[in-house]
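First to last, the protein sequences are chains A, B and C. Position one of the first sequence corresponds to residue 1 (the UniProt record's numbering), numbered consecutively onward. Position one of the second sequence corresponds to residue 1 (the UniProt record's numbering), numbered consecutively onward. Position one of the third sequence corresponds to residue 1 (the UniProt record's numbering), numbered consecutively onward.
I should point out that these hints are in silico values taken from the structure, not numbers from a laboratory. Careful: at least some of the hints might be erroneous.
[To be verified] BS3-like, lysine-lysine: derived pairs with alpha carbons at most 27 Å apart: (1) A:249 x B:20; (2) B:20 x A:128; (3) C:411 x C:446; (4) A:294 x A:214; (5) C:485 x C:421; (6) A:276 x A:14; (7) C:370 x C:314; (8) C:431 x C:370; (9) A:80 x C:277; (10) B:20 x A:105; (11) C:308 x C:236; (12) C:128 x C:160; (13) C:226 x C:308; (14) C:308 x C:263; (15) C:208 x C:308; (16) B:25 x A:105; (17) A:214 x A:276; (18) C:277 x C:106; (19) C:31 x A:80; (20) A:80 x C:46; (21) A:105 x A:128; (22) C:337 x C:496; (23) C:43 x A:80; (24) C:31 x C:121.
[Claimed, not checked] Some chain A residues well away from chain C (every beta-carbon gap over 10 Å; in silico): (25) 59; (26) 62; (27) 63; (28) 122; (29) 144; (30) 161; (31) 187.
From the three backbone atoms N, C-alpha and C, an ideal C-beta is built for every residue, glycine too.
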Amino acid sequence: MRKRIGVQFRKTRKTTHTYERIQACTRCHTYHVLWETHCETCGRAYTPIRQVSHAVTRRNVQTRFLLLGLFVCLAVLSAKTLLQLALAGGIGCVLFILFFVMQKKYGIYERDVQFQHFLTREMETLKKSLLRHLEEVGNDVKEGHLKEAYEKTREIGHFIDSDTIKIRKIMFLNHYVLRKDMELELETLIPSMYDKDFMEYVREVIKVQPSLVKKSVLTYVRRYKNQILLLENGDQLIGQVAGAALRMKSYVDEYQDLIIEFIDFLPRERLLRLAKMVQTHKNEGWEQLYHSTKNRVDTHYAFDPDFKGIL
Amino acid sequence: MLTYFLLFAAFLLLAVRFLKLLRLKRRNLSNAEIDQHLHALLNEKRDSP
Amino acid sequence: MLPISPYHRSLWVRNIFLGLFALGLIAVLFKLGFGYKQITLYKQAKAFYEQKNLLQAEETFSRAHDMAVLSYGDDEWNSTMLQLTAIRTELEGLHQYSRSAISEKKVAEIGAIYEQYQAVKQQYQNQKDVPAMFFQQLSARLGMDKSFSDYYLNALQTAKAQAQSNLEKENYQDESFIETLLAIPDEYYGGKKKKQAELSALFQNYEKTKLRALIASAPFEDIITKTATSIRHYEKLGIETDWLVNQLEKYALAEIKEVIRSKDLSAFVDMAAAYRKIQDVLSSDSPVLDSITRYLEGKLKQAEQYIKSFEFTKARELYEQLNPLQDTAKLLSDLEKLWLEYDPARLLQLRYPDRTFTDMLSGTDRWGAKLYAFGLSEADQRLYFAAKMPNDSILYLEQSLDVDMKSAKAKIDDTLGSKEKPVIIVSASGKERANAYTALSPNLTKESLDKRFSVEADELSVEDSEHVIMKNAAGKGENEIALFKLEDNGLAYIEKLADLDESSEETTEGTRSEEATFPADGSTEATDQTPPATQKIDVFAGPGEEYEKIGQVADGSFQVIADLNGWYQIVSNGKEGWIRATASTP
């Protein structure tokens, strides 16, 4: 195992929707998803993509207004008699007001749809911008700026859901000493296939922040447990994961088989928690788990005072 | 004659616009849907990078 | 990267539309402004109209109408006003034209414009409606009637003065007053009839005075040419010209008769030719032309008479004199033909007028020629030969002769050779013998004059078509009387007939050189006998019994060459005279 380095990662922004992370440079027609606030090439401040889209929509509406006005102007110009002139002017004004009212009332609904269209239209540019970011990551790796590389990859990872990105992130993360205050991620890193490095990372994460182990991690472990068992201390690793699953009753419910199988590798303090849980809910279909736990406690911790009287 | 024709054209423009806005209102897109759409677009082909 | 972002594109599209809209808005503002002004003008025009100030109403209306931003006002009134505008345009156009035409003094144009103006005026006269009122107001303002009347009164005076001054100065170069006077409308003469009468009197007076002045000063040809020019001029202007033609004919008839009477043929010819040139202005039965034709015919008949009496020179002279009147080239060539037939020797004389020929001979129908003539020229030792061929071309041949020309004589021997192609024998005094003989044979098809032989002998006599007998010929046959044969390259000795001294007396009779060559065919001599006295008519020197009586002629023995006031001019035996027309019918 390589020596891990201690490091402090940049904080990542928290957003409700991913698109909020996209910034646009209106001058260069490029997009940015990292933490910079000004365009690297032109120095112009980035604008959130939603604002850009709204500006486009607003202008389209203005263009419609002008078109209508142009028609009315032409109508007035082509008027031959006073009556026609008055009609053209009057009807023109009415149409104008109608348009205005309509826009005020329904214009808001157009913005979101237009935004979606805007995204579709700008997809190529967006992808190009992401690719450029990936190239930057590659350069950083070459120059040894692994921290930067990780941070950038993490941001890109918000948009692209692929094993390559995940595996790279894991690779980068495995270089560092993990701490609880690091905003560690786990769920977002699960590859679609078995990955040894990921399991190494899981091992480290569980030590620091077992709360990150969620359903998807458990499912992954259960699915690839045979491969994991081939690892060094693989059984203990699974035991740790199973221990982490004891945080919530629903997890225990779902992953009973895993817990029963690796009950021997549960740490003492986790087994204690399990015993308490089993005791509380033993009549809710947990009979098998109860027996296994009882058996394990009886065989190994029969004299431990903490366990006394639980089961 | 041309005047009335042009006024009619303006009115038509207004009507088309109104119908379009009405349709958009019916659709009433949420932000989550937009986000989903974005993800779908980003990951539809390019799985490699 | 895409060439243009949606952000920028939307910006551009919006700005373009903004620009267009701004333009449209400006245009709308202009339209509204002009429309307001137009309506104001319409209302103003209506106000003028109600005040009966039609001129200003129309002007204001026209300004409003020209703006053409909106159509406004009731159609009936508008159409009335438009009619007024049309009237104004027409009248102003006429006014413009008339002013420029008057300033440039274009009489015909002014006339045309005046007529147009009168037509328009007629249309609106005696009417009480708005267009008529407008017309009167406008025409008064433009002062058209006055400008026309000023111009025409002035023109009338000027033209009359010009006619007068032309007559006084006897200078008829500029007669533009005629057109001017004609172009002045009837009204200025007090009506159509009065105009015709006045102008007719004026022109007749003018032309008669002019003719009188011309007769007094100018030669015949000038007078008739100038008068004819005047006649043509009047005819072109559509004025009756009979009176002037009559005047001219009267004058010309007197002059022609005078010149016929004075028998000045060249003057007659000149005058007649000049008079015929103005035939176009004369009537077809012009008495002057008739008398010219008659006199000319008489003269031609006279020439024929001359020819009949072989007075070719006189006839030719007459023809040449008459040539300007009638093309006599054909007659002259006929004359020349007849003359040649009468005297073929003229062939040579015509060709070599400065040569003197000795011993000229001429005749017809030999060597394939219609006429022929030849003669000897002592000065250049030559024989000249001329022949008129059947196709009327004339062939000239010549041959130098090495003989003593002073004594040379030429003759045609039709025994030697053939009757049609006889040999010409030139005999002269010889050097070694008494005579030298040279024989020539014209070959007209080859255009050459072949020398057949050249011999010296005491005597030469022709035996038959191929043989000659020579006495004491130089060369072979010396001291002999010998027979020679005519061959292509000369005479060939055949045989001795006798010794010289024996037969010297016999052969002299064979020479016939003195006779036989004078042509006897074309010589019909003019018989100068007086015809038998059947009916004698008195002949006078001029057309009238006051003239001298110069003799008598028998009826039928003369040619009438002209007639004048009951007298015929006749020619009889080449002499001219006059007889009473009743005395004889030609």
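Hints and how they fare:
1. For the hint linking residue 249 of chain A to residue 20 of chain B, the alpha-carbon distance of about 51 Å lies beyond 27 Å, and the restraint is violated.
2. For the proposed pair residue 20 of chain B and residue 128 of chain A, the alpha carbon gap of about 32 Å is over 27 Å, so the pair is violated.
3. Simply put, residue 411 of chain C and residue 446 of chain C have alpha-carbon atoms about 22 Å apart, close enough for the 27 Å limit, and the pair holds.
4. Taken as a hint, the residue 294 of chain A and residue 214 of chain A pair is honoured in the structure, with Cα atoms around 26 Å apart against an allowance of 27 Å.
5. Between residue 485 of chain C and residue 421 of chain C, the direct Cα distance comes to roughly 17 Å. Compliance with the 27 Å bound is thereby established for this hinted pair.
6. Annotation: proposed proximity of residue 276 of chain A to residue 14 of chain A is violated, straight-line Cα distance about 37 Å (limit 27 Å).
7. Between residue 370 of chain C and residue 314 of chain C, the direct Cα distance comes to roughly 25 Å. Compliance with the 27 Å bound is thereby established for this hinted pair.
8. For the given pair, residue 431 of chain C sits about 37 Å from residue 370 of chain C by alpha-carbon distance, which is inconsistent with the 27 Å threshold.
9. Restraint check for residue 80 of chain A and residue 277 of chain C: the C-alpha separation of about 74 Å exceeds 27 Å, so the hint is violated.
10. Simply put, residue 20 of chain B and residue 105 of chain A have alpha-carbon atoms about 13 Å apart, close enough for the 27 Å limit, and the pair holds.
11. For the hint linking residue 308 of chain C to residue 236 of chain C, the alpha-carbon distance of about 50 Å lies beyond 27 Å, and the restraint is violated.
12. For the proposed pair residue 128 of chain C and residue 160 of chain C, the alpha carbon gap of about 40 Å is over 27 Å, so the pair is violated.
13. Of the pairs offered as hints, the one joining residue 226 of chain C and residue 308 of chain C is violated, with about 43 Å between alpha carbons and a cut-off of 27 Å exceeded.
14. The hinted pair formed by residue 308 of chain C and residue 263 of chain C meets the criterion: a straight-line CA distance of about 23 Å does not exceed 27 Å.
15. For the suggested pair residue 208 of chain C and residue 308 of chain C, the alpha carbons sit about 49 Å apart, so the restraint of at most 27 Å is broken.
16. For the suggested pair residue 25 of chain B and residue 105 of chain A, the alpha carbons sit about 10 Å apart, so the restraint of at most 27 Å is met.
17. With a C-alpha separation of about 21 Å, the suggested pair residue 214 of chain A and residue 276 of chain A falls inside the 27 Å cut-off, and the hint holds.
18. For the proposed pair residue 277 of chain C and residue 106 of chain C, the alpha carbon gap of about 33 Å is over 27 Å, so the pair is violated.
19. Between residue 31 of chain C and residue 80 of chain A the CA atoms are separated by roughly 11 Å; this keeps the pair inside 27 Å, and the hint holds.
20. Taking the CA atoms of residue 80 of chain A and residue 46 of chain C, the gap is near 20 Å; set against the 27 Å cutoff, the hint holds.
21. A hinted pair counts as satisfied when its Cα atoms are at most 27 Å apart, and residue 105 of chain A with residue 128 of chain A does not qualify at roughly 37 Å.
22. Our distance criterion of 27 Å between C-alpha atoms is broken by residue 337 of chain C and residue 496 of chain C, whose separation comes to about 50 Å.
23. About 18 Å separates the Cα atoms of residue 43 of chain C and residue 80 of chain A, which keeps this hinted pair within 27 Å; it holds.
24. Between the alpha carbons of residue 31 of chain C and residue 121 of chain C the distance comes to roughly 40 Å, so the proposed pair goes past 27 Å and is violated.
25. For residue 59 of chain A, the non-interface assignment is contradicted: its Cβ lies about 4 Å from the closest Cβ of chain C, within the 10 Å cut-off.
26. The beta carbon of residue 62 of chain A is not kept farther than 10 Å from every beta carbon of chain C, the shortest such distance being approximately 5 Å.
27. Residue-level check failed: residue 63 of chain A sits 5 Å from the nearest beta carbon of chain C, not beyond 10 Å.
28. For residue 122 of chain A, the shortest C-beta to C-beta distance to chain C comes to about 7 Å, within the 10 Å cut-off, and the non-interface label is violated.
29. The beta carbon of residue 144 of chain A sits about 30 Å from the closest Cβ of chain C, which is more than 10 Å, so the claim that it is off the interface holds.
30. A cut-off of 10 Å between C-beta atoms confirms that residue 161 of chain A is not in contact with chain C; the least separation is 25 Å.
31. Its beta-carbon lying about 35 Å from the closest one in chain C, residue 187 of chain A satisfies the requirement of being farther than 10 Å from that chain.
Of the numbered hints given earlier, the model fails hints 1, 2, 6, 8, 9, 11, 12, 13, 15, 18, 21, 22, 24, 25, 26, 27 and 28; all others are met.
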